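Here's the letter readout for the chains.
Protein chains: 2
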Amino acid sequence: MFDKLPHCLVIGAGGVGVITAYSLFIAGKCIVSIIARSDYDIVKTKGYNINSCDYGNLEGWKPHHCYKSVEAAAMSGEFFDYIIVTTKNIPDGPTPVSRIIEPVIESNLKLCRTSASYRNKVCNIVLIQNGIYIENEIIELLETMNTSSAKVSLISGVQLIASTKVGSANIIHKNTDHLTLGAFDPNDKTAVAYSKKFIEMYKNEGKNYVELDTDAKYTRWKKLLYNATINTTTALTSLDFSRCVQFGPETTEFGIVKPAMQEVIAIAKSEGVIIDEKLIDFFYDITLNLVYKPSMCVDVQKGQLMELEVILGNPIRVAAKNEVKVPHLNIIYNLLLIIQGKIKESRGLLVFDEKTARVVKK
Amino acid sequence: MFDKLPHCLVIGAGGVGVITAYSLFIAGKCIVSIIARSDYDIVKTKGYNINSCDYGNLEGWKPHHCYKSVEAAAMSGEFFDYIIVTTKNIPDGPTPVSRIIEPVIESNLKLCRTSASYRNKVCNIVLIQNGIYIENEIIELLETMNTSSAKVSLISGVQLIASTKVGSANIIHKNTDHLTLGAFDPNDKTAVAYSKKFIEMYKNEGKNYVELDTDAKYTRWKKLLYNATINTTTALTSLDFSRCVQFGPETTEFGIVKPAMQEVIAIAKSEGVIIDEKLIDFFYDITLNLVYKPSMCVDVQKGQLMELEVILGNPIRVAAKNEVKVPHLNIIYNLLLIIQGKIKESRGLLVFDEKTARVVKK
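Chains as they are written, first to last, in UniProt numbering: chain A, 1 to 362; chain B, 1 to 362.
Among the clues, some could well be false.
[Unchecked claim] Derived DMTMM-like pairs: lysine to aspartate or glutamate, alpha-carbon spacing no greater than 25 Å straight-line: (1) B:Lys362 x A:Glu354; (2) A:Lys88 x A:Asp41; (3) A:Lys361 x B:Asp240; (4) A:Lys165 x A:Asp240; (5) B:Lys258 x A:Asp353; (6) A:Lys361 x B:Asp285; (7) A:Lys29 x A:Glu205; (8) A:Lys302 x B:Asp240; (9) B:Lys88 x B:Asp185.
Keep in mind the hints are simulated off the structure, nothing from the lab. Model, not experiment: these values are computed from the prediction.
Next up, chain A with everything else stripped away, as it sits in the complex (with noise of 0.2 Å):
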């Protein structure tokens, strides 16, 4: 499959990140860049401080390259096989992830094209992301590029990691590593045989977890129960999910999150995806009794775009085509839009002009 070590390039050097690009230089079966963005001066100098509940105490971790942007690996001359995406899937935002990438697999394309060494190389997308049919805006960029002499393969990562960038190159990772990763498209021979291969380098036997996902769609839609519905209500509260339930209407049960959950599992159904009605339960039982803000809720306390597209945008798209009725996650969807534009307009990423009550700019 590779002549030499692969070459692995970790973009999104947040939390999640640099505890996926440590994993892999640890096991030692790739060679591992990644993109340090704001960090970059400290990371060449000094490296990143990783407390890590894997790991243990790192202090001036170094991976083997580190560069300042995506356009900067891309002018490296290096051939990426995989290439790691851990930032957030904002579609909305000012830069979408197919954006980010594109200079990379540019250059990454370019190469197969040029020069025979990387002729009909496969250049790995890994989307270790929220949300469902994140790999469509991908599809649609690789579309618009010549392909010719590559093989792109696209890649599923979901994750469950507590991990979060505390300070300038300062990571603290309270939970076990659980990555599940698979192709996007299980009939994708080559995503799945390149999926086999990322699992082998990233394994640290005793450390983390990591297992091949055979239905990377099925795994999506599940996680999708919670999150377009837990995650999303403590989002519209800013609050965590057990005051959400404790706070809510004594005489019935919490009203909200249950229907939503059936009309995600009703969306996933009309895609072919069956979801087991017992997971309404068990997610709601288990957010219910732990006090935890959740990726989105802690999005809006921070004033930062939350993945709503992604996470609840696209279900609603589905559901619209495929006549699926979902009132309550409308509702949910169409309030965090709200929210949305208040974060877009506190950054700037929008204009409200109060004299016309207008949007004027985005």
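Since the structure of chain A is already known, use the hints to place chain B on it.
This is chain B only, laid out in the frame that chain A set:
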């Protein structure tokens, strides 16, 4: 009707209450007392400073009497012909309206029972407040009291007035006062007669507007069309309604407020109140073009309890009783209950234990 000037007691000396009291005072047809609470000392010594679009700049205005508390008014030995309540109406808060006004109703009733000169006097309770079926809480209170030798009448006031207390005994009043006032029960002839008398006392020709409400139930449901939908949405998103609409989905009409308004109309209809559907566009369009934060939005931003139960809880309970489906109102209500719980926690009105993830005290 009265052998001497009627005595009005205004409870709730905020922006609305002080202008209401002044309107009665300046018309010169009654005695006006006010419960000034924390402003008591400054009102007693210096009086109110009022900047009013209707009455101009007033420095050091003092009502005829000023009490520190409702209990103090109750102990004054005075009979109050009109108990005018301009507080917020928050039955789920620490002091529901019935609890606030009980002492002064009790002292009125006692005078009627024990003194021949007060026998069969009418104690008018005027609720100038938002919401629907707010009179029921008072009716329930009266059922627990000895009302022999007295007549209690319940009067509904719906007021449009942009008046705010901006500091101690300092009021800014921006839009002409428009008061619609009449008996909660149009068949209660006493309440109708005393409503007419009140209007006569309240009117200041060329300054304010006051009109007799011959169908208070209709007037309240009509105002609810706005309050239960637009007011609540701005509270949920903590944004003016123009922004809510502008930040909402572009491809479809803003998908929450108009369906919610349809639901309000359906509940009203189940109670025999017909509201013209044209009012939906009327309220929607005027609000859309006005960058203005309604009361519940302001409450959330100030961390104050919202009038959630009288604006949304009561209509939803009526809907349940009459088997009217109100999915949109239901979701908005459930979400706002959570926000109300958050405000209660921040004000120490309930205690949430993070260890057990349960509300332990309320």
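Quick rundown of the hints versus the structure:
Between lysine 362 (chain B) and glutamate 354 (chain A), the direct Cα distance comes to roughly 41 Å. Violation of the 25 Å bound is thereby established for this hinted pair. Using a Cα cut-off of 25 Å, the hinted pair lysine 88 (chain A) and aspartate 41 (chain A) holds, with the two alpha carbons roughly 23 Å apart. Between lysine 361 (chain A) and aspartate 240 (chain B) the alpha-carbon distance is near 18 Å, which keeps this suggested pair within the 25 Å criterion. At most 25 Å may separate the alpha-carbon atoms for a hinted pair to count; lysine 165 (chain A) and aspartate 240 (chain A) meet this at roughly 21 Å.
A threshold of 25 Å between alpha carbons decides the hint, and for lysine 258 (chain B) with aspartate 353 (chain A) the separation of about 24 Å falls inside it, so the pair holds. Our distance criterion of 25 Å between C-alpha atoms is met by lysine 361 (chain A) and aspartate 285 (chain B), whose separation comes to about 22 Å. Our distance criterion of 25 Å between C-alpha atoms is met by lysine 29 (chain A) and glutamate 205 (chain A), whose separation comes to about 14 Å. Taking the CA atoms of lysine 302 (chain A) and aspartate 240 (chain B), the gap is near 21 Å; set against the 25 Å cutoff, the hint holds.
For the hint pairing lysine 88 (chain B) with aspartate 185 (chain B), the CA-to-CA distance comes to about 22 Å; that is within 25 Å, so the pair holds.
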